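*Asks:* Next come the chains, spelled out residue by residue.
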Amino acid sequence: MSGGGVRADAARGAATPVLRLRGIRRAFGDREVLRGVDLDIAAHEVVALVGASGSGKSTLLRTVNLTESIDDGVILLAGDDVSDPRVDADRVRARIGVVFQHYNLFPHLSVLDNVTLASRLVHRTPRAEAERRARELLGSIGLGDLAGAYPDRLSGGQQQRVAIVRAIATSPELLLLDEVTSALDPELVGEVLELVRSLAQSGTTIMMATHEMAFARDVADRVVFLDAGRIIEEAPAAEFFTAPREERTREFLARFLPGL
Amino acid sequence: MTDAAASAVDAARRPSELELGRRAFRRRQTRRSILISAVSTIVLAVALGFAVIGSPGWARVQQTFFDPEVALASLPRVLNGLWLNLQVLVVASLGVLVFALLLATLRTLRGPVFFPLRALAAGYTDLFRGMPLIIVLYLVGYGIPGLDFFERMPAAFWGTIALILTYSAYVAEVFRAGIDAVHPSQRLAARSLGLSHGQTMRRVVFPQAVRRVTPALMNDFVAMQKDVGLISVLGAVDAVRAAQIETAHFFNFTPYVVAGLLFVLLAWPTIRLTDWVSARMRAREQAGSLV
Numbered sequence: 001m002s003g004g005g006v007r008a009d010a011a012r013g014a015a016t017p018v019l020r021l022r023g024i025r026r027a028f029g030d031r032e033v034l035r036g037v038d039l040d041i042a043a044h045e046v047v048a049l050v051g052a053s054g055s056g057k058s059t060l061l062r063t064v065n066l067t068e069s070i071d072d073g074v075i076l077l078a079g080d081d082v083s084d085p086r087v088d089a090d091r092v093r094a095r096i097g098v099v100f101q102h103y104n105l106f107p108h109l110s111v112l113d114n115v116t117l118a119s120r121l122v123h124r125t126p127r128a129e130a131e132r133r134a135r136e137l138l139g140s141i142g143l144g145d146l147a148g149a150y151p152d153r154l155s156g157g158q159q160q161r162v163a164i165v166r167a168i169a170t171s172p173e174l175l176l177l178d179e180v181t182s183a184l185d186p187e188l189v190g191e192v193l194e195l196v197r198s199l200a201q202s203g204t205t206i207m208m209a210t211h212e213m214a215f216a217r218d219v220a221d222r223v224v225f226l227d228a229g230r231i232i233e234e235a236p237a238a239e240f241f242t243a244p245r246e247e248r249t250r251e252f253l254a255r256f257l258p259g260l
Numbered sequence: 001m002t003d004a005a006a007s008a009v010d011a012a013r014r015p016s017e018l019e020l021g022r023r024a025f026r027r028r029q030t031r032r033s034i035l036i037s038a039v040s041t042i043v044l045a046v047a048l049g050f051a052v053i054g055s056p057g058w059a060r061v062q063q064t065f066f067d068p069e070v071a072l073a074s075l076p077r078v079l080n081g082l083w084l085n086l087q088v089l090v091v092a093s094l095g096v097l098v099f100a101l102l103l104a105t106l107r108t109l110r111g112p113v114f115f116p117l118r119a120l121a122a123g124y125t126d127l128f129r130g131m132p133l134i135i136v137l138y139l140v141g142y143g144i145p146g147l148d149f150f151e152r153m154p155a156a157f158w159g160t161i162a163l164i165l166t167y168s169a170y171v172a173e174v175f176r177a178g179i180d181a182v183h184p185s186q187r188l189a190a191r192s193l194g195l196s197h198g199q200t201m202r203r204v205v206f207p208q209a210v211r212r213v214t215p216a217l218m219n220d221f222v223a224m225q226k227d228v229g230l231i232s233v234l235g236a237v238d239a240v241r242a243a244q245i246e247t248a249h250f251f252n253f254t255p256y257v258v259a260g261l262l263f264v265l266l267a268w269p270t271i272r273l274t275d276w277v278s279a280r281m282r283a284r285e286q287a288g289s290l291v
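Chains A and B, in that order, give the protein sequences.
59 is the number that my numbering gives to position 59 of the first sequence; each next residue is one higher, with no gaps.
240 is the number that my numbering gives to position 240 of the second sequence; each next residue is one higher, with no gaps.
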């Protein structure tokens with residue numbers, strides 16, 4: 001990215017966050033999963049969503065890329081109201097990268113085709129160029145040799161790293177990570193978190209739901225604690241873990257981090 | 001230690017005495033099973049043979065159904081007819097693949113605009129899965145030419161159309177089962193990348209669906225290989241019709257047996273291939289399991 005680009009981003013970032021959520025509500029039947037969520041994410045910011053299972057983290061992420069509908073509220077992506085039913089949802093999704101808990105790689109496509117599929121079909125990048133960029137990205141995380149392999153030949157950690165590369169191959173404005181290490185064997189968690197950390201350091205705007213408290217503390221700029229569909233507390237990472245303000249946050253942290 | 005070095009050591013490693021004993025036991029067991037199955041097969045074959053040949057009417061049946069001279073004399077005509085069956089089979093299979101995929105696609109369309117198409121496809125598969133093929137053949141073969149819309153077409157043409165109409169209904173359901181079997185998370189991942197519904201179906205869902213239902217599709221293909229013989233009811237001179245003519249000519253049923261055997265020979269490679277594909281898929285899904 002050029003210097004001018006960064007400055008322009010910074011100037012715009014002050015006025016327009018990458019993501020702005022206002023009053024997001026969602027109920028499944030009579031069970032309210034999201035009960036009025038307000039959240040801003042600035043450019044280059046890394047925000048960790050923490051909370052117990054069923055607190056609404058995953059649902060919130062899915063509402064952002066319009067794979068879950070909302071009952072009320074507004075979603076602004078770089079200032080554009082994407083919760084307007086008239087917007088083309090496909091074009092909105094093309095601006096956002098998503099990584100899932102269970103990788104969801106396409107088993108019938110090679111690693112290279114998995115990574116280049118969206119570039120070629122959605123962004124109309126010529127195949128040669130898309131493949132060059134994909135090989136570059138795969139090479140930079142040590143998976144260059146596996147470009148021609150099929151996903152079922154890869155370890156869980158490798159699959160999840162490929163899934164992350166697939167999500168960032170089109171340079172999305174926002175990256176959503178939904179419990180990306182929860183399905184991994186403990187010894188494979190590290191390599192995936194390392195990749196997320198390097199993305200965060202290179203300025204990718206990230207919104208991630210996670211159970212990895214230590215990782216959230218290290219990598220996130222801000223931690224948001226969700227409980228029963230509401231944001232109970234949000235604070236800079238260091239502050240959140242060392243000096244939680246709310247009683248409910250302290251209870252949650254006591255369960256997750258008995259040592260703290 | 002490098003991988004290469006490790007595998008070299010593995011190769012040089014001699015199995016323990018215990019393992020060698022177990023292998024010897026397994027070899028003895030295998031020899032015994034082969035012997036038992038061979039003996040029981042021979043006993044059954046001999047018993048069946050005696051029962052048929054020893055029956056009071058065998059001499060007459062042998063003469064009317066298994067006359068080698070009639071078989072040889074009728075073979076060229078029946079083979080000629082089978083060539084027509086083969087042509088119909090190839091055209092009908094391609095037609096079925098295209099039409100069935102179209103029907104299955106129509107049934108997956110979302111949104112209220114497409115309700116009539118969805119309903120039409122659903123009604124179509126219901127109707128043609130319930131209707132006997134022979135009735136479809138009569139209706140198409142004698143009904144549509146009666147409309148005088150088209151120039152006179154050969155009976156084999158209408159037979160092919162009838163086969164496509166009926167088999168597409170079955171194959172569309174097979175495709176739909178395959179589409180439903182692709183996990184929704186695949187669709188979610190594709191849509192999250194910004195792919196449209198159509199792109200998701202074409203590039204992500206269909207390829208996986210077809211792979212899953214290949215054995216079932218091949219099974220339907222085997223069924224169609226023999227059902228192409230039914231076009232004879234429209235007067236097309238295929239293998240069955242040729243056999244009928246030869247039977248009347250020689251006053252002997254052997255040509256039917258010849259035609260039947262030829263159909264079996266035609267279907268046999270596909271049947272074996274289907275079994276092989278199914279077994280391979282099963283092996284892949286159950287890799288590493290003894291049960």
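Worth flagging that the hints you see were computed from the coordinates, not collected in a lab.
All of these numbers come straight from a predicted model, not from anything done at the bench.
Quick reminder that beta carbons are idealized off the backbone N, C-alpha and C, glycines included.
Keep in mind that the hints are not guaranteed to be accurate.
Partial pick of chain A residues on the chain B-facing surface, computed with a CB cut under 10 Å [to be verified]:
id, residue
1, S69
2, I96
3, V98
4, S110
5, T125
6, S155
7, R166
8, I232
*Asks:* Decide, hint by hint, whether the structure agrees.
*Replies:* Here is what the structure says about each hint:
With a least beta-carbon distance of about 13 Å to chain B, the hint placing A:S69 at the interface is violated under the 10 Å criterion. Given hint, A:I96 at the interface with chain B, holds; its Cβ is 8 Å from that chain's nearest Cβ, closer than 10 Å. Hint on A:V98 holds. Least Cβ distance to chain B is approximately 4 Å, under the 10 Å limit. Annotation: A:S110 was flagged as interfacial toward chain B, and the flag is violated, the nearest CB pair being 13 Å apart, outside 10 Å.
Proximity of A:T125 to chain B is violated relative to the hint, the smallest CB-CB distance being about 12 Å (cut-off 10 Å). The interface hint given for A:S155 is violated, since its Cβ lies 16 Å from the closest Cβ of chain B, which is over the 10 Å cut-off. The restraint placing A:R166 at the interface with chain B holds, with a minimum CB-CB distance near 7 Å, inside the 10 Å limit. A least Cβ separation of about 28 Å between A:I232 and chain B goes past the 10 Å threshold, and the interface hint is therefore violated.
Of the numbered hints listed earlier, those contradicted by the structure are 1, 4, 5, 6 and 8.
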